[in-house]
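Visitor: Here is how the chains run, residue by residue.
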Amino acid sequence: MNTAHFALVFAGACTSLCIAQVTQVSEAVGVISGTVKGADGSPVASGLVSVSRIADTAKSKLRRISGAAATVPNGSFRLPSLDSGTYRICVQVPGTAWIDPCEWGPGGRTVALPSGQALSSVNLVLNKGAIVTLRVTDPRQLLSMHEGKTPGAHLLLGVSTDALSFRMASLVSQDTGGRNYQLLIPFDRKVNIAVSSAFFRLLDTNGIALPKSGSVIPVIVPSGQQAPTLLLSVIGVGSP
Amino acid sequence: MGCFSVNNASVTGNTLYDNDRFGQGNSDQGNGDIVIATRFPGNANCHPGSNAVPCDAMRDVQGVTVQDNTSSNARYGINLPGSSDGSTNNVGINAISGNRLNAPTAVVVDQHVTVNTYAISPVPSQVASSEPETIAVFPQGNAPLGVALGTPCTAYVPNTAPPVCSAYSNRGTFQFGANDPGGAYNVNYIEVFLSTGTGFDVRGPGASGPFVNAPFCHLLYVPPQQAGTNGVIYLDQVTQADPASYMPNFSTSSAIGSGAPLSNSACTIYAASSRDIHYSLNDAVLDLDIQFAQNGTYYMYEFTNNNVNAHSSGNGFGGGFWSLWGYWHVGPVQ
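Residue numbers (this note's numbering), protein chains in the order written: chain A, 1 to 240; chain B, 1001 to 1334.
Treat the hints loosely; a few may be bogus.
[Unchecked claim] Each computed SDA-like pair below joins lysine to any residue, with the alpha-carbon atoms no more than 25 angstroms apart:
1. A:Lys-212 to B:Val-1238
2. A:Lys-149 to B:Tyr-1270
3. A:Lys-37 to A:Thr-86
4. A:Lys-190 to B:Asn-1249
5. A:Lys-212 to B:Thr-1198
6. A:Lys-37 to A:Ile-131
Simulated from the structure, these hints should not be mistaken for lab results.
Note that this is a predicted model, so its numbers are computed, not measured.
Given only the sequences and the hints, what does the whole structure look like? Please build it.
Guide: Right, dumping it as structure tokens:
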């Protein structure tokens, strides 16, 4: 996460508290609970809600400063045993098209948790992203012949997120003609998909050889539209 | 209060308050008022501290009794955490009973630990999650925030006793660890920033990073695709950038254990002299031989992802999903 990004997080720290209910609890530590829903109103089950305390303006005794909990089928979650402070809330839902607001965008929602209190009704709304398929044709099956067998033989496909973390494309299927990978990206913005391999020689969609130093494929998927399938071809191997 | 790899020990009659911290400068993350765990695998040096001594114990915990203690103001009264140092995680309890544990969770057991839970009252809760997480590796490599790593001297101030460093080494072996509750082999990749950039977080100059507007060494490690083969390391060729437009360039890669060194203007990773990832139950640890090209303080951030595309959430010190585990200083002593 870059510096400018954090400035936005701090500025928005108080706004979320206004729509959450605060009640005193008997524990000396606080609780954050609420629900996760999609923008279409459907509850998000099997999500992982994580909170991480963000910097305060004054040094204080820090207690539990991060935590995570799974959502239940109705989309609700509960994170107990948290010290007071301002927390950033992230939600990842692996294997779905729901976008984690901490991974793409201004950095997720922040809430202020008062000391020893329960912050309930923290209701989070997720947007869907576009699932981009990368079809890697490999008729000679060079990938399976070398990956995991020849030192250094690896194909890196992925994208750098707004949180500075790199998300590798997931291998979703393979057949005798190649492999299918998928990446989740947000709608309506340019994302550069990185392709790199020091070992495999590749062609892009237009049949142009990709440099050994790697390449990026810019992609924009307009809202509501189907993401295109990007084509790559493995045509040979080199030395790692 | 810790019982680490002890045999026939008793913890009785203590009154503990807010005692669940570990390490200098490390804030409470629920270590427990009373901690019982294995540590320090055999045929190695016993720690902690700089006065390591050889030891060869099996490193189980056996015959521990914990009774008549009072605990308050801690996340856990008694914690039996898993250990990532290669010790056994086998714990044998005589009795845990009759304690006044005023904690949200009285007794907790990490899912890595094998323990006779029938001897524990109240029944312990098991710590489990479904997301991977990076881990601090002890004793080498990473350290709690605010604690300098064991940077060896490259030069000493003459005629000083004990010897005083005048400069810190620019090369070392660094360990990076990840944990997955479904098993260490689920770790899909580990991403690391060693970054000199700092921010305005009052918790420390590296907190809330990584920051890319100052020199950094950024790498991505992919474990072996099959047992007995090599993992691959990618080194970002970008070493400083405008945060608004930063895009990594992982155009160079090498096989751990045999490949050529990877270099950029900030660092060199010696792939051949690095040790590939090694697994212990849920923990995966990678040892990288890294040389820094420039003086400075390098803050160490980690991120990991697993086979179902779930990712780590961070330890609360790094920004976003990043965990900040410590720093390494290169150059003259300030």
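Visitor: Now tell me if each hint is right for this structure.
Guide: For each hint, the structure was consulted:
{"no.": "1", "hint": "A:Lys-212 to B:Val-1238", "in the structure": "holds, 16 angstroms"}
{"no.": "2", "hint": "A:Lys-149 to B:Tyr-1270", "in the structure": "holds, 21 angstroms"}
{"no.": "3", "hint": "A:Lys-37 to A:Thr-86", "in the structure": "holds, 22 angstroms"}
{"no.": "4", "hint": "A:Lys-190 to B:Asn-1249", "in the structure": "holds, 17 angstroms"}
{"no.": "5", "hint": "A:Lys-212 to B:Thr-1198", "in the structure": "violated, 34 angstroms"}
{"no.": "6", "hint": "A:Lys-37 to A:Ile-131", "in the structure": "holds, 19 angstroms"}
Going through the hint list in order, the structure does not satisfy hint 5, though it satisfies all others.
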